[in-house]
Amino acid sequence: ETGVTQSPTHLIKTRGQQVTLRCSSQSGHNTVSWYQQALGQGPQFIFQYYREEENGRGNFPPRFSGLQFPNYSSELNVNALELDDSALYLCASSPKTATNEKLFFGSGTQLSVL
Amino acid sequence: DQQVKQNSPSLSVQEGRISILNCDYTNSMFDYFLWYKKYPAEGPTFLISISSIKDKNEDGRFTVFLNKSAKHLSLHIVPSQPGDSAVYFCAASDPGGTSYGKLTFGQGTILTVHP
Numbered sequence: 001e002t003g004v005t006q007s008p009t010h011l012i013k014t015r016g017q018q019v020t021l022r023c024s025s026q027s028g029h030n031t032v033s034w035y036q037q038a039l040g041q042g043p044q045f046i047f048q049y050y051r052e053e054e055n056g057r058g059n060f061p062p063r064f065s066g067l068q069f070p071n072y073s074s075e076l077n078v079n080a081l082e083l084d085d086s087a088l089y090l091c092a093s094s095p096k097t098a099t100n101e102k103l104f105f106g107s108g109t110q111l112s113v114l
Numbered sequence: 001d002q003q004v005k006q007n008s009p010s011l012s013v014q015e016g017r018i019s020i021l022n023c024d025y026t027n028s029m030f031d032y033f034l035w036y037k038k039y040p041a042e043g044p045t046f047l048i049s050i051s052s053i054k055d056k057n058e059d060g061r062f063t064v065f066l067n068k069s070a071k072h073l074s075l076h077i078v079p080s081q082p083g084d085s086a087v088y089f090c091a092a093s094d095p096g097g098t099s100y101g102k103l104t105f106g107q108g109t110i111l112t113v114h115p
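From first to last, the protein sequence lines are chains A and B.
Residue numbers 1 to 114, in the working numbering, belong to the letters of the first sequence in order.
Residue numbers 1 to 115, in the working numbering, belong to the letters of the second sequence in order.
For reference, chain A alone in the conformation it holds in the complex:
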């Protein structure tokens, strides 16, 4: 059973640029969620995708967008990068969409915005 994998592991961008982060969900999981973890904080919910549709969104601006593909893999896109976007971005998958479903996390992509 393959776990959740994310790429790249580290990324450095400059302010104003755009970035795409990728995630492959665990085998058999059809739901993908993205979280942002700033230094010293807990993960913050960005959005969730189920059957290629956005299924819930946290308090993040529209320049944070995503996609889910038919194989349930997902992308997180961030436009017009700001310094405060520097964080660890975590992808998590679950077998189905439910509020009491535990999430399986990848190791994350560490994004630095200079």
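Worth flagging that the hints you see were computed from the coordinates, not collected in a lab.
Fair warning: there could be bad hints in the mix.
Covered stretches of chain B, as calculated for chain A (at least 3 residues, CB under 8 Å) [what the hints assert, rightly or not]:
1) 44-51
2) 106-115
Computed list of lysine to any residue pairs in SDA-like fashion (alpha-carbon distance at most 20 Å, straight line) [stated by the list, open to error]:
3) Lys37(B) with Gln110(A)
4) Lys102(A) with Phe62(B)
5) Lys102(A) with Thr63(B)
Here are some of the chain B residues that sit facing chain A, going by a computed Cβ distance under 10 Å [stated by the list, open to error]:
6) Pro9
7) Leu34
8) Tyr36
9) Phe89
10) Ala91
11) Lys102
Note that CB positions come from ideal geometry on N, CA and C, so glycine has one too.
Chain A is already provided as a structure; the job is to place chain B on it using the hints.
What follows is chain B alone, placed relative to chain A:
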């Protein structure tokens, strides 16, 4: 507005002793609570959960207690082992929330277990 709070940034415990990690929440609509453990350079891994209809759930060395009236939960690890040293996150879910599938996390507590 921090709806889930872990007020102790760090905890240091001797091997073999009990570790108690605490978590407070403000949203009375939360109905399911989870604890995650995170090692450096790895993603959080699920540890144990509890539904709001229960006040205790046990899994091996790990026990979670929920006090709904106080909006407080705690994770007990007995006996503590050096391999338990990690960051522990408390998380909660709200079935009636506007963001389906959202977990709200606390800030985390760094547990260090000394041999």
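Inset, instruction - Taking the numbered hints from earlier one at a time, note which ones the structure violates and give those numbers from smallest to largest. - result: No hint contradicted; all consistent.
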